Amino acid sequence: MSLKKHVKLGLSALALSISFNSVAAEDPIKVGILHSLSGTMAISETVLKDTVEMLIEQQNAKGGVLGRQLEAVVVDPASNWPLFAEKARELLAQEKVDVIFGNWTSVSRKSVLPVVEELNGLLFYPVQYEGEESSENVFYTGAAPNQQAIPAVNYLMNNIGVERWVLAGTDYVYPRTTNKILETYLMDMGVAKEDIMINYTPFGHSDWQNIVSDIKRFGSAGKKTAVVSTINGDANVPFYRELGNQGIAASDIPVVAFSVGEQELSGIDTGPLVGHLAAWNYFMSVDNDANYDFIDAWVEYTGQEDAVTNDPMEAHYIGFNMYVEAVKKAGTTDVDAVKDAIIGVTVPNLTGGYAAMMPNHHITKPVLIGEIQDNGQFSVVWETSGLVAGDAWSDFLPGSRDIIADWRKPMFCGTFNTVTGKCGASAGEMAAEAE
Amino acid sequence: MSIIRSLTLLFIALISLLSLPATAQENDPGRALLINLAEAPASKVEEAVNAIVSSGDKRARGWLEAYGNNRLSRIKDTGQVVLVLNNRGRDWEIADPLTGENMGEMSRRELDRVAINNRIRGQLEGILAMLDLNAADPDVREASAQDMMGKVDASLVEPLEAQLEREENASVRNRIEEALAIYRVSEGNPEAIDVLAGSLHPRARAALNDAVRGDDPALADRATKALESIEQKLKLNRAAETLYFGLSLGSVLVLAAIGLAITFGVMGVINMAHGELIMLGAYTTWGMQQLLPGQPGLALILSIPAGFMVAATAGIIIERSVIQHLKGRPLETLLATFGISLILQQLVRTVISPQNRTVVTPDWMSGSLVINDALSLTLNRLYVLAFALIVFAALMLIMRKTRLGLEVRAVTQNRAMARSMGIRATRVDIMTFALGSGVAGLAGVALSQLTNVGPNLGQNYIIDSFMVVVFGGVGNLWGTLIAGLSLGTINQLLEPWAGAVLAKIIVLVFIILFIQKRPKGLFPQKGRAAEG
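Protein sequence lines, in the order shown, are assigned to chains A and B.
So the first sequence is numbered by the UniProt record's numbering: it starts at 1 and just counts up by one.
So the second sequence is numbered by the UniProt record's numbering: it starts at 1 and just counts up by one.
Chain B on its own, in the form it takes in the complex (with noise of 0.2 Å):
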């Protein structure tokens, strides 16, 4: 690859240049090499590229990761090659690469997008990243010696010796030991294999697989040898992965329904319209995202509360509007709620649109937790595992320690008896479903962060969040927590050997099953009033 050996270059040049003048404009030598490789046919790029890297040029680096991006166009008329900073509808905003001089607006049509693939785009990762090998930040370094793994080849292989000499932390030393070793195992160095033995990065692994179905029967059995005890390890952390699957599942699971425990298990509603709720707390995360454009954490946090309110209302509304004039009529309260929810999809899709609608994920929500090279705990699942047991543990206060809690509690009880006492039943009515409703908006703006924000998102909890409740036993929080991160967990176990769609539906039968043995869930609710 001729493009890599042109690394060692860029690299002994680079160290000389940081330190000179910037290029002086007219005659600017950026500009041929530019359109040099806007030029390039697909057989020449890489040497356009080379020849960028090679002129140690201080801008090179933003030109390659521009060119990276599908951030390099030209102009039709001109030829002259410019820098497009925002690519989005018609009119593009363009800069010059040279200068960095704002150019203004400019129609799509007068623009030629140069060219690039991903076959280049993985070459250019490649020196970028060996780029950065010189960075002072050492979690820099680490990262890109890591996307050096699997891209070593002969020509770099000094460089990187050159720059493990003076490496002083421990950890950037490893990750180049390991992407040398890479490179000599593919070359047939047994001793490199021992290098790898203990590593759990899949190119490391890819290495010995193709070490043990190469030719050499002597280095083929020591790769054999070294995999098995990467097996070992890899199981281990398997069942780790599996686990933080299963519990993050079971918490979406427990987020969805933990609203209608209270609603269904405390007033005996079945409402249907709980995933509209929840599709009503994903869009005001998108409406809040609107309003506070470019800050989409701060839009996130914002959301907890707005969510919870706009459900809560909404909530209320239905309460109020339907609800209580059904009251003790279970088969028409699930009529009506199931037209409600079909109301409030079809009035999104009109008034919003049937489009699914784009939340961003801010960011230090994506990407993931790293354990070690086989493990890492994904951030949003992470987030909303961490948020569900915050809700968990406020609702649980509220039932337990406020006076809402109190009077819901007795209202449950006997109602009878509790309005004798004095507590105004239809007030705790209103409150308690404007609480289970919230929860569900709340539900929603976690969702917003992991699936599709439209119409239909909240049809595809209502199911799920039924199952939790019954499974876990009606009207108990306990229950619902425990029934959803254990459903979380049996649906990821049984998914790799069965497939996701027959894991849900084995799932759905042992639930089946389970019901017909105990038809009052896992924590049935024990006392007089609840045999009545």
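Excised from the complex, chain A in its bound form (with noise of 0.2 Å):
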């Protein structure tokens, strides 16, 4: 081989590995999560901040996307809620992070909606929520309440023979919403007013005698009655175990649940409450091996034999892989481009199925209906025959039947009235608003 030779192969390499470093060098896509570690929701989000972590674990063992590795920015907004925005806002503003997974209460995604829709960023919401928004920079992962609230009631009149109902909340939003949503729907199916009872607590209500009692006496009426518990977080292990021992048995008054899910009844001894309900679009328990090998990794990845998956964790799955899914499809991660492609992006869920992304934002989902066993795990009941596609504005609501979401151009807009033909604030202006 000549020099000359020598040099041009020398040289020819060089070039390559330049050309190497300069994609290595490339900067890693950063996923933001903004989730509290401290505080009272510290309780619910801190395996949601793990799961994260773990699913881009994973993704990079995969080789990232686009040859990009993934790179997790973690920030703690404590469980409270102004501090959300500001850490969204830091997120976006100094670490530039490409996408953020997070909150959990409505009030943290209401603060933090001016923040996303100014400085155009990415939220994958993975909470089941009240509905009644839709943001062009929000994918909401969670349930919207069409996808939990009106089939598990359906599904009490229906299959069960409930007429008579208790709903009982804690005193905020969601809860608040949810049950002008139910009641409208259950005086349109026939139900007389006296026949409803509202009931709200404080949030960690601890004392629920009084209430348990007044629910068994509501429940000896003569006609079969349901509680439909959209109580939040710690007050429902007391309730539960109030519920169990007043002896209220799942087969005279049950109770079915929007809020209560595995992690939640890892708090509780479970045995008084077996055939108690609680809807929700995954469970721990679905039969089926793409759920099983992500409870493997999930205990791997803990590394807590007794680790426990729900709901909102499935929903981060879902969302992660559908963030993955439209970069890959948009082949940047420039956010405009990202918002295009997605929309209509389809991966697969926990329970064997699968989930796309709709024009509204919201997801498509299986609604699953599922009773306590005695080992804190919920068997799935009954399930939507198909899947349910998330409404961002209820039927059941006046003001809000004739609104609809639509992100796809020319429309563009997520509060479009049909009647007017006109579209309203968005809603990081009215999250502003309503301040």
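Be aware that one or more of the hints could be misleading.
[As the list claims (entries may be wrong)] Within a straight-line C-alpha distance of at most 27 Å, the following computed DSSO-like cross-link-like pairs (lysine-lysine) qualify:
#1 A:K223 / B:K235
#2 B:K235 / A:K180
#3 A:K328 / A:K96
#4 B:K235 / A:K216
#5 B:K504 / A:K224
Simulated from the structure, these hints should not be mistaken for lab results.
The structure presented is a predicted model; accordingly, all values stated were derived computationally and were not measured.
Starting from the two chains in their separate frames, assemble the complex, guided by the hints.
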């Protein structure tokens, strides 16, 4: 080989290594995680932070996305709602993250809405919520009311024959809005006003004696009675304990809960609660290989043999995979391109079906009704025959009926009024105004 | 309901079968019965259960109970039906339902649960109750007769009447008669209403309510009268129940506040970390139960001294490291202990977990003490009420009868004078703080049986505690007791009328107004020292 050839080879090798270097040196995709790791909500949100970190680790092991690795940027908004907005701003403006996974409570979501809209970020929100919202920058991977509350009530009415209803909730926006929707819906279905009892309790309520005995009395009027519970968080443990002690069995007065998952049950002795119900889009007990693989990975990741999975974790699983698919489809992490690309993206869920991103930024989900078992898990007793598309604006609230959300051009609006033909204020503007 | 019809069959079969020898293992007919149950589609489950019931197999009861408890599964590969002994975690322990032989562990993935829902579970409860009507123990018979209430239908009337004739125990007879009467009222039998007239059972009332709404005016009239007399009785029971609720809530307030009454009242230290000392007591209970798995009762009893010691030790550390340096500066103490409370909370989150921990309630503390059908006192609250009174009495004894109590009172009255009399005030401070903290730990042990054991436990009680201490009169143990019990009762009286949220607010407003009128609380301390 001549010297010339040697030089040529060396130069091309050098060029090749430089071009390799430039690919490797390309910045990682930054994934912001906005979940409370301290304060009241830490109980629910820390596992979601871990979930996203696990998903990032798995994706990186597969080679990342578009040849780029993913990198988690974790902040702690400490269950402090205004701090959520500040941390979201920090993630978007300083850390320049490409996407955020985060929030649990509705009030925290409302507080970050103006920020993600102003700075044009992407937020994947994994928790079931009260609906009445659609933002161009937010993807709602939890259930809307028509994907949880309405099918659950239908199940009780049609399969159990319930005629008398207790709507019990924690005193804040999600239960109040959900109960308003349910009350209208039940009355539309011919339930008399005196057959609906509505009760609210403060966050962390622990003294349930009076309310449970009221429920017992309300249920002895001769009509089949059920409790629809939108009680949130810690308060559920003493509530269920009191139900058990006052001898309310599921075969007498079933309780169907919208906020009680495996995580919450892991703090209760579930023996006396067998048969009480919950409505979700995922249960850890779902008999499906994708689910078992997810559980195994989760157990390994946490290092705890008794670690449980729950519905919001599945929502992050779906949201994360949708984001990955959308980035691949768009060929870039540019926010506007991803926003366009993600509508219509379909990924597997953990219950053996698929989730698709709808034009209103909500997804399709199956609705499952599960009964509590003595091992703290749910057994599925009923599920919708197909997938239900999330409805951003409820059909059962006056003023909301006529509004639709569609984030495809040319409409590109979350509050389009089909009667007036006008597009209203954005979700962020409405949230800022409400403050 | 075909399932109930077959009860009659089961009934006869069971009596005749009780003396038969066990079925031979080969060609066990049970195998087919179980597979039939496992394979039945939703509409055929009743038939499959019927088949098991009418087979008269001795093991039927066990199978049905396991089925009702979600403990029947199938091995996916072989189709064999197995009994799940332990269904926690990813590997389940299984046994052969035919022989009872343990089959070891199997992955959850390999098993298919035999599905059951509430409707079938309700029917199973009826069947099992019917079986128990033959039990030797009259209490079991009475309980099962009670379970039959509202579940009787046409096919059950005859066997129940036969049972009634055999039955000698008066209260079991009453129960069966009531159960039959509920069915007869629904069939439009007016005489049956008289049987139900005195009954406080919710099912009886439900049946009467149905009759009032029914088409038969004569029946409706009679039912209305019966209901009126029941309502009268219910009112009395309701009042007793509210009083009990009030006292039990009050006892929780007393327990949470009484440790604070000592540190705040006696030492004048505003300890914002008091709630976290309560939390430590609750976590001690959890820890004890981890150390003694399977013995929640013993663990709970041992937690009482352990919780006291843990919280008292923490109290001493807080006193020595922070509070003693801030003596006489209440605002700074408040801020510093608030900081400590946040540190302790986050420490628990980091070291143990942000999740709540499961504390098991021992059997003797679950359920309720049934006074009558309309009035039952939940046992866990009853124990907490008794515990609060015992703790209170013990503290009174310590303060009145021991040297420590005497010294504490002396230091409280006049520190300088007490010191010059030879009392070591610093030592008294440490002991007082340790005592107050230890009592907080005891409160935590009790609260672990009522509410969540989690990092936020203490936060929920700190405001209530201060409310009770200030209302009762600072430094007065009797005041704390009276204030706690009366605030609990006021809250529970208001709650049915105003709702839980408003009731809490009204109580707070009431206290604000009260403190305006009497700034020193219900029982102000008297004497010159208190004026200074």
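Here is what the structure says about each hint:
Distance restraint check for A:K223 and B:K235: the Cα-Cα separation of roughly 22 Å lies within the 27 Å cut-off, and the hinted pair is therefore satisfied. Annotation: proposed proximity of B:K235 to A:K180 is violated, straight-line Cα distance about 32 Å (limit 27 Å). At roughly 20 Å between alpha-carbon atoms, A:K328 and A:K96 fall within 27 Å of each other, so this suggested pair holds. Using a Cα cut-off of 27 Å, the hinted pair B:K235 and A:K216 holds, with the two alpha carbons roughly 15 Å apart.
Proximity of B:K504 to A:K224 is assessed by CA-CA distance (about 32 Å); at most 27 Å being required, the pair is judged violated.
Going down the numbered hints, you'll see the structure goes against 2, 5, while the others check out.
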